[in-house]
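Participant: Each chain is listed here by its residues.
Number of protein chains: 2
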Amino acid sequence: MRWANIEYNGEQSYGIIEGDQVALVKGGLFDGGEGTGKTAPLADVKLLVPVTPKTFYAAGLNYVEHVLESAKSAGREPNIPDKPDIGYRANNALIAHNEAIIKPSDSTELFQYEGELVAIIGTQTKHISEEDALSCVFGYTIGNDVSERTWQRGDRTFWRGKNADTFKPMGPWIETDVDLDSLETTVRLNGRDVITFPTNNMLFGVARYISAMSRYLTLYPGDVIWMGTEGQSENMKPGDVCEVEITGIGVLSNPIVAEA
Amino acid sequence: MRWANIEYNGEQSYGIIEGDQVALVKGGLFDGGEGTGKTAPLADVKLLVPVTPKTFYAAGLNYVEHVLESAKSAGREPNIPDKPDIGYRANNALIAHNEAIIKPSDSTELFQYEGELVAIIGTQTKHISEEDALSCVFGYTIGNDVSERTWQRGDRTFWRGKNADTFKPMGPWIETDVDLDSLETTVRLNGRDVITFPTNNMLFGVARYISAMSRYLTLYPGDVIWMGTEGQSENMKPGDVCEVEITGIGVLSNPIVAEA
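Read top to bottom, the protein sequences are chains C and H. Mapped onto the working numbering, the consecutive letters of the first sequence carry residue numbers -2 to 257. Mapped onto the working numbering, the consecutive letters of the second sequence carry residue numbers -2 to 257.
None of these hints come from the bench; they were simulated from the model.
Same chains, same label: a pair holds when it works inside one copy or across any pair of copies.
Calculated cross-link-like contacts (lysine-lysine; reagent style DSSO-like; alpha-carbon spacing at most 30 angstroms):
hint, residue 1, residue 2
1, Lys123, Lys43
2, Lys234, Lys123
3, Lys234, Lys80
4, Lys123, Lys80
5, Lys69, Lys80
So here's chain C without its partners, still in its complex pose (with noise of 0.2 angstroms):
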């Protein structure tokens, strides 16, 4: 089932995508999906992002190519994750589907896409075993961890390299149906392939990551946790549009403008 947060004549609802149509349901994303009776076509909505998290996480270094390729770009000696340590981005920075990713004017050109996969918590959760942990995730949506790797390296937080304004574009919409395994990422810079892997190819994947945070924190419906890209990323510059695909999930696409 496909969820989207989605604004229709002026109104902001919940609906469910069944083919080129919305059926828009009662209350938000967690209440049970209660049909209105009404619809409306796909092209005429406007997809929002699909959740606002309460804690926004993100595992940061999960993929052991981009782990060695990060390393080699900054100049030191690659250090793999040895433990699922979650770390965080923060909501300011959410766009949705087809809005501007802002570049900003003192921004450098080492300004990069991050293809990854999204988990979105659905039920209250705390001390889960990796076995039950994906009972616990309502479905997926996809992320661009976009990020300005001078300021990633220089400053001594993440706050501007990763989260200043709109680089954090996530959607276009949940799907709840999907089989980890099968699915491949792929970004697209200006319609060429940059990069595809097997998305579930992670150091620790979602139910591993889940388990050892509910060890110490409550998750909560409406949490999402983004789990990292592989590879080495290239250079965005305004007029770009970088489009990321999960293959069953969907395409999360959005244009880079400069900042006036």
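For this one, chain C is given, so just place chain H on it according to the hints.
Facilitator: Only chain H this time, still in chain C's reference frame:
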């Protein structure tokens, strides 16, 4: 004016504290504070976390002695920040005044308080000058940035070390009339003063942080900025009570309890 988020007779509302009474108001913290005509005795209400932020910001290293002492404890050279790089904490960890800080069963004895001033944003803000920055602040409260130092040093992020459930007491209420330069912070462990410092003796003050942040990110009503702490902390153990007092704001008090 002193705003509190309260539970009274099983219902949540905001209220304005007047002496030993709370005047209940309609709506949220930023809705104007229209009175309901009802009051409740302050002694009979449960104080809740004053606000749950959209983004939870934290300055981290922002007082000279704390930077020096932290480096010394960790056995490395001190690195005084030369610019206000804001960091983050996580909403799952928030608890209210008088609620228990739960010490995880596998945490070490290096389980410590950090008494902090907290600025609460009242107005959506981007691109604000340092001169005008305090105009977007709604008021101030108090935070205790509880930290498990072995996890803080050994994990790749601050997820366990600073963001385990209950590690972020915040309260007891929000004071809107504050003269930053006159404030003094005192931390007490079981009634004994362990540190007193001028609250505003920061490397980068509230206005400087807000102005720098707003160059790249939008601040939203309810966002909180924890401003860091001074000096070196002592260990807390189950059975202890930790109080953080900031003159003119109030006292945030929390017992420490062992994880079951």
